[in-house]
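*Asks:* If you want the building blocks of each chain, they are given just below.
2 protein chains.
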Amino acid sequence: MKADIITIGDEILIGQITDTNSQYIAEKLNSAGFEIRQITSVADKKEQIINILNQISEHTDLIVITGGLGPTEDDITKQTLADYFKSRLVTNKEVLEDIKKFVKSKGFSLNERNIKQSEVPENCKIIRNKNGTAPGMWFEKNNTVFISLPAVPFEMKEMFSFAVMPLLKDHFKTPDIVHQNILTYGYPESTLAEKLSDWEQNLHPEINLAYLPSPERIRLRMSIVCNKKEKAEDILTGETEKIKKIIGDSIFGYGDIFLQDAISPILKEAKKTLSTAESCTGGNIARLITSVPGSSAYFKGSIIAYSDEIKTSILKVPEKIIKKHGAVSKETVEHMIKGQLELLKTDYGIAVSGIAGPGGGTSEKPVGTTWIAVGNKDRIIAQKYTFGNRRLLNVRFASARALDNLRRFILGYDIV
Amino acid sequence: MKADIITIGDEILIGQITDTNSQYIAEKLNSAGFEIRQITSVADKKEQIINILNQISEHTDLIVITGGLGPTEDDITKQTLADYFKSRLVTNKEVLEDIKKFVKSKGFSLNERNIKQSEVPENCKIIRNKNGTAPGMWFEKNNTVFISLPAVPFEMKEMFSFAVMPLLKDHFKTPDIVHQNILTYGYPESTLAEKLSDWEQNLHPEINLAYLPSPERIRLRMSIVCNKKEKAEDILTGETEKIKKIIGDSIFGYGDIFLQDAISPILKEAKKTLSTAESCTGGNIARLITSVPGSSAYFKGSIIAYSDEIKTSILKVPEKIIKKHGAVSKETVEHMIKGQLELLKTDYGIAVSGIAGPGGGTSEKPVGTTWIAVGNKDRIIAQKYTFGNRRLLNVRFASARALDNLRRFILGYDIV
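In order, the protein sequences belong to chains C and U.
Going letter by letter, the first sequence gives residues 15 to 430 in our numbering.
Going letter by letter, the second sequence gives residues 15 to 430 in our numbering.
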C-alpha cells in the first residue's frame, strides 16, 4: 500500500516554520504498513494544490493532506478540494454543533468565520475535531483515498491517531503489523550491533529489525506483518526475552518514551526523591525531569552551580579541590553531589560538570570533557566522558548520559 | 525566480527524523528573492529521484537537493545525478585533498570509502565541504541549476550560506533584497498590529512587511527589492526609527536572535550578574540563558525549587506565606527572588512559580496561572499571567516572558 503526504502552507515554503506534521504522519503510516512514496509541501495556492494532486493521485493509494483549513482568507484548501472533487460546500449540522460546543468551552462567542467552518464539501465524510474548529475530510476517487486535516499539530495528531488510523485499517484491510520498540541507552550503535550479532543471525525469519539511533536513545524496532496478532506478539515477546538476556542493562523501556519518563515509575514506586546539581548542563537535566507530568512526586529541585562561587558557597565544594583538580574533575563532581544531597535532602542525586564549549577547552581537557556523578548518601559513582565540540549537542549528550547513569545506579547495573 | 527543494532520505519517509534542512534552505532562498515552488522528500531510490527531477525541472529555475551523499551503500544520490546528467564519476584531486585533511584533523585514518567520496560527476562544479567528507555539486541543464548538498545540518548550513548563496547571486543576478528583521516580545500580534496600524498605512511603498509570530518572539520583517542597496538601507533605517518610537520597549533585537541572546550584551556591558529561582519552569530559563556561549560571564546559577520544601529551606520563603497565599502567588515569588538574591549574590534575579499542568489547577488558579518576578535588591516587580493548558507550551511561554520582563526591568521599560 502506498501513501503520499502533502503539507500545505505558505509559512512552510518561505521557511518560517519546520513542517513537523509530516514526520508524525509518516511514522504512523509506516508503522501501519504503508510505504510513504513522497512528502510534498506546497503553498496556499489553488493551482499548486490541484497540480500536485493530479501528479500523484495515480501513483498512490492514500494521500494525507494537512493545512489550509483555518478561518482566514488565505486558507483555501477546503474550497480547492470541493472544486477538485466537483462538489459544493454545504453546512454540516454535526460539525456546526461541534464548533458551537468548542467555541463555548473556550469562553468565546460564535462568529461568522466559525460558522463558515461548518461548511464542507457535500461528497466528503467528516472527521471530527475535538480540539479546534476545522473538521477533517475523507474523499475517495478512482480507488485513492484523500484525507484533509488541519495543520495545528495537536489537533491533527489526535484526529490522526484516534479517528483516521482506525478508518484506514477498515478501508484498506491493512494487515496487522505488530511492532516491538525496544529502547536502549548506553552503548553506541556499533557496540550494540556487535553484542546482538549472534542473536540477529538467528532472528525469527518473520521479523524485520531496524536500528533507529538519536542522541537520546537507540530504538530497536522489530516488526511482523501478520494475520494472527496473538502469534506475532508471542514471537516478539520471545525475542524480547532473548535480547534482555544480552543487553538487559541497556533497555530502559518500550514504546516511545525517553529516559526521563523511564526513571519516573522507578522513583515513584520506590518512593524515593531526586535532585540535580548542574554546571555545564545549565538546568537541562532538571528541565527534562520536570517535563514529565507528575514529576513533582519525586523531583525536589536543583542547584545550578554555573559559577565556581556557587559550587563552593552553596554546594560546599572546598575551594582547594577546585583549585587543585579543576571545576571539571572527579573530585569536584563528587563534592557537588555530596553537598547537594545534604542540602536538598533527596535520596538520589545527579551532578554534572563539563566543558560545553566553544571556549574553555585545553589540550588536557578538551571541549566536551564532562564528569557525571550519580549516587546516594552511601555510594557515589563518577565517570568521565568526552563528547564532541558542539555546545548544544554536548548538553544533550551529558543530560541523557546522566539520566541513564542514575537509572543504572538505582537498578544496580554497571555504569558504562 | 523559482526554486524547488528536494530532500532525499529513507529516514524522512519512514518518519524517523524531521526534515529541518528544507526550512533553513527555504528561508535563505526566500530572503534572496526566490519563490519556493515546492519542497519534496523522496526515498534513497534512484527511480524516485530521477522521477521527481523530471517532473519539476521544467517548472523551476533552481533545484536544491540534500541527502544521499554519505559513504554507505544506501547513499545513491551522487551516482544517480551522474546518470541523470549523463556523466561519469572521476576522482577530484581538490576534493581528495580536502577529505585527507578533514580525516586527519579528526585523528582517523583514510579508508576506501572516504577515498570513494572524492569521486564526483565529471561535469559538475564542486562546492567544498570544510566540515565533512561529502562535497557539494553544482550542475546546469536547460537553464535550470541543480545543487546537491550533504544532509548533515551543520555541514549543509555552512556550505549553503558561505558558498552557495554567493554563487546563486552571481549566476542568477538576483536583485539585492535588503531585509530588516525587527524582533519584538511583549504584545500579542493583534495588539502590535493595532499599535502599528497608522505607521503601516504610511509605510514606504517599496517595503514589503510580514509579521512572523512564534511563542518566543514576533518578528517583523521589512524587505525591499532594490537596485541601490544603500538607498534601501536608508529607507529601512528610517522606518525602523519610526517603529522604535511606537513600540521601542518591545524591540529586543534585530536579525535572528532570541531573548536569551539579547540580555547577554546588556548584562556584559553593565558588568552585572544574574541568577534564577524556578519552580514550574524546572530549569528551562537557566537552560536558555546558558545556551548562549560566554554566558558564564554574567550567569552564576539557579535554585530550582520544584518542591515547597526547597522554597522554604533554601530560598527562605516563610512557610506561612505559602500556607496563606499558595506556592503560586505574588507573595511567594517575591520571597523567592529575595531569598535567591541573598543566597546567590547576583545583581539581578528572576523567580517563577506557576501551574504548568496537566494537574494542579483550581477554579481560582487554573492550569497556566503563573507568577513571574524580576528585580534586584532595591526593587522587585511581580506580575501574573494566565497561559494555556499545555504543560510544555506553558514552560516555553513562562520562560520567554520571564526573560523579557528582566530585559524590561534592566532597561527601565514598563513590564507588560
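Take these hints with a grain of salt, some might be off.
As the list claims (entries may be wrong) - Going by beta-carbon spacing under 8 Å, a handful of chain U positions derived as facing chain C:
hint	residue
1	I50
2	G402
3	N403
4	R405
Said to hold, decoys possible - Label-pair ranges, simulated between beta-carbon atoms:
hint	chain 1	residue 1	chain 2	residue 2	range
5	U	K155	C	R102	43 to 49 Å
6	C	G373	U	S123	25 to 31 Å
7	U	K155	C	D248	53 to 59 Å
8	C	Q397	U	R393	29 to 35 Å
9	C	R102	U	K245	49 to 55 Å
10	C	N145	U	K60	39 to 45 Å
11	C	Q397	U	P202	45 to 51 Å
12	C	Q397	U	E208	53 to 59 Å
13	C	N390	U	D428	25 to 31 Å
14	C	L226	U	D428	45 to 51 Å
15	C	S211	U	R404	40 to 46 Å
16	C	P167	U	K60	29 to 35 Å
17	U	R404	C	E378	43 to 49 Å
Just so you know, the hints here were simulated from the structure itself, not pulled from any lab data.
Every residue gets a Cβ at the ideal spot worked out from N, C-alpha and C, and that includes glycine.
*Asks:* Quick one: are S211(C) and R404(U) within 40 to 46 Å, going by C-beta?
*Replies:* holds, 44 Å
*Asks:* State, for the Cβ atoms of K155(U) and R102(C), whether the hinted interval 43 to 49 Å holds or is violated.
*Replies:* Holds: the Cβ-Cβ distance is about 44 Å, inside 43 to 49 Å.
*Asks:* Does the Cβ distance between N390(C) and D428(U) fall inside 25 to 31 Å?
*Replies:* Given range 25 to 31 Å: violated, Cβ gap about 48 Å.
*Asks:* State, for the Cβ atoms of R404(U) and E378(C), whether the hinted interval 43 to 49 Å holds or is violated.
*Replies:* About 46 Å separates the Cβ atoms of R404(U) and E378(C), which means 43 to 49 Å holds.
*Asks:* Min Cβ distance, G402(U) to chain C: is it shorter than 8 Å?
*Replies:* violated, 10 Å
*Asks:* Could you see if the CB distance from R102(C) to K245(U) stays within 49 to 55 Å?
*Replies:* holds, 51 Å
*Asks:* Can we keep the I50(U) interface hint, with Cβ of chain C closer than 8 Å?
*Replies:* holds, 4 Å
*Asks:* For the range 29 to 35 Å, tell me whether the beta carbons of Q397(C) and R393(U) fit it or not.
*Replies:* violated, 45 Å
*Asks:* So the hint says 39 to 45 Å: do the beta-carbon atoms of N145(C) and K60(U) match that?
*Replies:* holds, 42 Å
*Asks:* Falls inside 29 to 35 Å, the C-beta gap from P167(C) to K60(U)?
*Replies:* holds, 33 Å
*Asks:* Looking only at beta-carbon atoms, does the pair K155(U), D248(C) fall within the given range of 53 to 59 Å?
*Replies:* Since K155(U) and D248(C) have Cβ atoms about 55 Å apart, the given range 53 to 59 Å holds.
*Asks:* Using the C-beta atoms of L226(C) and D428(U), is the stated range 45 to 51 Å upheld?
*Replies:* Cβ of L226(C) to Cβ of D428(U): about 49 Å, so the range 45 to 51 Å holds.
Comparing the model with each earlier hint shows violations of hints 2, 3, 8 and 13; every other hint is respected.
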